[in-house]
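Protein chains in written order, with my numbering: chain A, 1 to 288; chain B, 1 to 156; chain C, 1 to 783.
Just to be clear, a hint being listed does not mean it is correct.
[Said to hold, decoys possible] Negatives, chain C to chain B, calculated, CB over 12 Å:
id, residue
1, 4
2, 24
3, 73
4, 165
5, 365
6, 501
7, 582
8, 620
9, 673
10, 704
11, 710
12, 779
[Claimed, not checked] The following label-pair restraints were derived from C-beta to C-beta distances:
id, chain 1, residue 1, chain 2, residue 2, range
13, C, 94, A, 254, 31 to 39 Å
14, A, 260, C, 779, 57 to 65 Å
15, C, 16, A, 68, 28 to 36 Å
16, A, 255, C, 439, 28 to 36 Å
17, C, 779, A, 45, 35 to 43 Å
[To be verified] Here chain A is said to cover these stretches of chain C; the calculated rule only asks that three of the stretch's residues, wherever they fall, bring their Cβ under 8 Å from a Cβ of chain A:
id, stretch
18, 254 to 266
19, 691 to 700
No lab work stands behind these hints, which were simulated from the structure alone.
Note that beta-carbon positions come from the ideal geometry of N, C-alpha and C, so glycine has one too.
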Amino acid sequence: MYPASFEYYRPKTLAEAAALLGQHREARLLAGGHSLLPVLKLRLASPPALIDIGGLAELKGIQARAGALTIGALTTHAQVVSSGEVAQHCPILAEAAAQIGDLQVRNRGTVGGSLAHADPGADYPTVMLALGATMTASNGRATRDIAADAFFTDLFTTSLQPNELLTAVSVRSYGKGTGGAYVKHKHPASGYAVVGVAALVTVNGGTCEQVSLVVGGATGTPVRATAAEQALRGQPVNDATVGAAVRKVAEAIRDPLGDVYASGDYRVHLATVLAGRALRTAAERARA
Amino acid sequence: MKVPVSVTVNGATHAVEVEPRLLLVHFLRETLGLTGTNVGCDTSQCGSCTVLIDGEAVKSCTVLAVQADGRQVTTIEGLAQNGKLHPLQEAFWEKHGLQCGFCTPGMIMTAVDLLARNPNPTEAEVRHGLEGNLCRCTGYQNIVAAVQHAAARMKG
Amino acid sequence: MATIFGTPVKRREDPRLLTGQARYTDDMVEPGMVHMAVVRSPYAHARIRRIDTSRAAKMPGVLAIYTGKDMQAAGMGNMPCAWVVPNSDAKTPPYPAIAVDTVRYVGNAVAVVVATDRYLARDAADAVQVDYDPLPVVVDAVKATEAGAPQLHAEAPKNLAFHWKVSGGDVEAAFKQADVVVKDTIVNQRLVPNAMEPRAALAKYDAATDEVTLWVTSQNPHIVRFLLGLTTGIPENRVRVVAPEVGGGFGSKIPHYPEDAMAVFASKMVGRPVKWTETRSENYKATIHGRDHVQEVELAATKDGTILALRAKVWANLGAYLSTASTGVPTILHGLMLSGVYTIKNIHEDVYGVFTNTTPVDAYRGAGRPEATFLVERMVDLLARELSMDPVEVRRKNLIPPFTDGYAVATGLVYDSGNYQAALDKALQLADYQGLRKQQAEARAAGRIMGIGVCTYAEICGLGPSSVAGAVGFGGGLWESAIVRFHPSGKVSVMVGVSPHGQGEETTFAQIVSSELGVPIEDVQVVHGDTAQTPMGWGTYGSRTTAVGGGALAQAARKVKEKARAVAAHLLEASVEDIDYADGKFFVKGSPSKAKTIQDVCLMANVAWNLPKGMEPGLEASAFFDPPNFVYPFGAHIAVVEIDPDTYEVKLAKYVAVDDCGKVINPMIVEGQIHGGIVQGVGQALWEGARYDDQGQLLTGSMMDYAVPKAEHFPRFELGATETPTTVNALGVKGIGETGTIASTPTVYNAVMDALAPFKVKKVDMPLTPERIWRAIRDAQGS
């Protein structure tokens, strides 16, 4: 409940923030604070310094252009939920954001904070992987793009360098012919995803042209259910083909996580059930 | 090392120096003596500490006081205007939406945001909207009734 | 004036609570106040080899650090167990407030730090270095009694705190006559009470007067004061205990806790007011847990469904030490209720109270009665299933017939009054039970998993006659007292010994006084919670506040009224027998126009210019009420659940509750109590459960892991009521604080088992998580 002492820095620019991060290797970045502060309050971590990037205007805002949507790292979940651009170009993101935490958490928690924290029970990583999102990182001098599948490396671990900040995430827009769905089994206490499944399906003349299916919560990082995707791709979308694809979801999940509420076995079962629901809903939306 | 902050709480601006680690809820309760905002957990679950920052409901146990620098904070003490209870306060009283009262300030502050976003919520929407607020006494039924009652009153 | 008794008066407590003006213990500030943090054991069982406070002592703001040895050296006493059941070979090993040489559960205090603010106190507490020699750990009550299990206390071989028995009739003979015997092993899992306000204590020792004031989150400040005398050695008349606004308790704020004694000790030592406030994670370790029974049960019946006998063996996990009321909960409050609402002539139960390396277990909402009701209601449903009878029909066959002046059950209790059929009929009608069964058949045909659960219950509350308290080993009385004081202006102050903390008695008690004495309700002030302002009382728990405290209050009000009648007679120059009373006015029989109001009488009594010869001035009375019996509210609950056929999540679709708590003073408040109780009981059935690993680490150690029910988990409940008054108190009221919790766990559990019947699933341990149901179905289908 009472964080240990730390030094506090509030940079005014991204460059300044990156410079501070370079100087203070053990420092942690503070955005909305909804991943970091709970950890500090329980003293599970006691970093010597916090760099408060909450005021950096360059990390805010949602922009749609040329078939892509770019979301600033400091965008809150609530802003994603209510964004017209997100609703139009990438509604699955809003569907996922609306299921994060609760109203108060969504008002403070940020897209960048959630992605950089890489909690296995978080919702965005699953969706970002399904969307093939690109993370943009900056060290103050240079920026680089990191594909979602290279970004989440382990539980609570990303490929960000110690001196890098996540500044934005970009996803491709999708429209007519493609549908997305994020389906989640919420932990009754924490609200985190015990399992969350994101599906994107492109249907053309009743046939599944393209499909992306990702399972989160079951393992340290979200995983793509490639065998299931392959089984559905090129097939007519119906109960039989979706059923056949879903039976291959379990193949993607190695060493599932387990806890008091849900064992690894049950998570695999959930992943299978929720994948079916996500695929069916996404396909329905693709046809709409 | 202390950091200067200027926070406007219920309309009054407070320029003080605070420890960076000071949580907003302790700034409100201990620095300013506004003890209406309660602390019920330490993992951001219970919502007892909910206040408004620039009109949005937040859990003040998961915000540093330094993060509220330059912001407008509204607590339960600031909700009644000129001695007149806010319609949500009235409705909680009318509908018996509280028992021990400990979760009540947070519950009401969340409901303020909820009704700002959705002035005419269904029962299911209210129940879902309060997922970040725990109450151990009321069984929620009368809280839900109170929020809907207030919504009807606020529409006039 | 129409009587206000029985009407939904808005609560007078609410304005201060709604505006943030209410003052809970942690809101209190005293000049010079400092903060206390507790260093707690990370081990479930270990010897303390060494405590090094040197680094912590030098940290900023630190005033003092104390260990168990320091408290012992200063002559502080051990934590007392205030309820030791007799004839049970009970052992009460020492329970020091701060562990001296051995820690016995994770969270056991090993030192306290006093510092100038709460952040600094925590910093220093983290810097206290303790070396431990870990010892073997046992967390399971059954395993703890087996040969070779780790031993917690030298005084308690096999970790047995007691072995208590209850017997009635001839169980052996009845089992021999039985056509059917159903058996089950029921795990009534451990729960974390989770009052929304964590515990807190603020102690202020005044060296000038050698007096101490303790503001504390308590349900019973008078008991805390009584016991503080034992733990701190400060005489009771120099201790003031105040329970200011208290944010829920549910039993968890009954005990006198180690931190109460530590705060008083620390304040005395540092000479400044000392405040301690628990964090939620700390609460999960350091505040009592509830339930935690393993029950082996057998029920004998004839083939027409008549229950002949019930036999049970119970292992009650008490945790590492005996908390204040711990031994009474799984015995008196549990075993004596095994007849439920049924005519079971033969009952036998053995209860083993067991020490384990876990947080102490004590009273939690319902305390013993939920464990009894679940046991009985589960066995009745198993019998119904065994005989392919409708669970309602089995219940009907065995219900105790309606009675108004006592019914003796096999365990020796005499229930006060009951009409169980009426409550069941009303619930069936409200729920449209036949219609639900039809819907269920349709749902099953459509591949849905739907279940209907029924429970009929009675519970023992309104604790209780003091003579019984003494006979069953309770270390105090169970009477209540009240003072009704008229001030010269006609305004009334009421001082009561009970200590409500959310139940609304400031309002219902004002309703009682207003109705008894004809004064406007707004003229009645109700004072509670401060031992310096209120008369002795035993506190708020066991749904006794209104039944016993309200009884005392009515008695005091009636004494005042009799005195007022005598004054009025004198003023009206009539004899007392000729004075009638109505709506706050006294008048000579037949001439109501010439009347004296209670305010007229009050003024005269207070100025005393013209009183009957020999009458003492003033208009005030105090009363002590020791009820002749407990009260036994009852009812019938029905739940409908729908289970997701793929994920196996349980959705509570409908809930009907019909409860009978005798006369109702404020129906709005009664309904609120039922709503809250239902949610807590459903929490146990579906989500809640404290789980330890085999090293005694709490796996559900915060609200992140332990699922306190949320608003979205529930439908709108449908309530009904019947009214069967009691003759135990002057008001005819029973209790309603715990019924919802007692009834709703078996109701929802039975509904889920009913839903799973087509899958041949007979048993799933609570909480009924989706995974457990998924596994049970797989196992049942596989076998």
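Status of each hint after checking the structure:
Every Cβ of chain B is farther than 12 Å from the Cβ of residue 4 of chain C; the closest lies at roughly 16 Å, confirming the non-interface assignment. Distance check for residue 24 of chain C against chain B: the nearest CB is about 7 Å away, which does not clear 12 Å, and the non-interface claim fails. Non-interface status of residue 73 of chain C relative to chain B is upheld: no Cβ of that chain comes within 12 Å, the nearest being about 34 Å off. With a least CB separation of 35 Å from chain B, residue 165 of chain C remains clear of the 12 Å interface cut-off, as annotated.
The Cβ of residue 365 of chain C does not lie farther than 12 Å from every Cβ of chain B; its closest approach is about 9 Å, which violates its non-interface assignment. Distance to chain B contradicts residue 501 of chain C as a non-interface residue, since its nearest Cβ pair spans about 6 Å, not more than 12 Å. For residue 582 of chain C, the non-interface assignment is confirmed: its Cβ lies about 31 Å from the closest Cβ of chain B, beyond the 12 Å cut-off. At roughly 31 Å, the least C-beta separation between residue 620 of chain C and chain B is larger than 12 Å, which holds for a residue marked as non-interface.
With a least CB separation of 8 Å from chain B, residue 673 of chain C falls inside the 12 Å interface cut-off, contrary to its annotation. Listed as a non-interface residue, residue 704 of chain C fails to keep its Cβ farther than 12 Å from every Cβ of chain B; the least gap is roughly 5 Å. Not every CB of chain B is more than 12 Å from the CB of residue 710 of chain C (nearest about 5 Å), against its label as outside the interface. Against chain B, the non-interface label of residue 779 of chain C holds: every CB pair exceeds 12 Å, the least being about 33 Å.
Taking 31 to 39 Å as the suggested C-beta distance range, the pair residue 94 of chain C and residue 254 of chain A does not conform, at roughly 52 Å. Residue 260 of chain A and residue 779 of chain C have their C-beta atoms about 20 Å apart, which leaves the hinted 57 to 65 Å range violated. Restraint check, residue 16 of chain C to residue 68 of chain A: a C-beta distance of roughly 54 Å breaks the suggested window 28 to 36 Å. The given range of 28 to 36 Å is broken by residue 255 of chain A and residue 439 of chain C, whose C-beta atoms sit roughly 43 Å from each other.
Restraint check, residue 779 of chain C to residue 45 of chain A: a C-beta distance of roughly 41 Å satisfies the suggested window 35 to 43 Å. Three residues within the 8 Å Cβ limit are the bar, and the stretch 254 to 266 of chain C against chain A gives 0, so the coverage statement is violated. Here the stretch 691 to 700 of chain C counts 3 residues with a CB under 8 Å from a CB of chain A, which clears the bar of 3, and the coverage holds.
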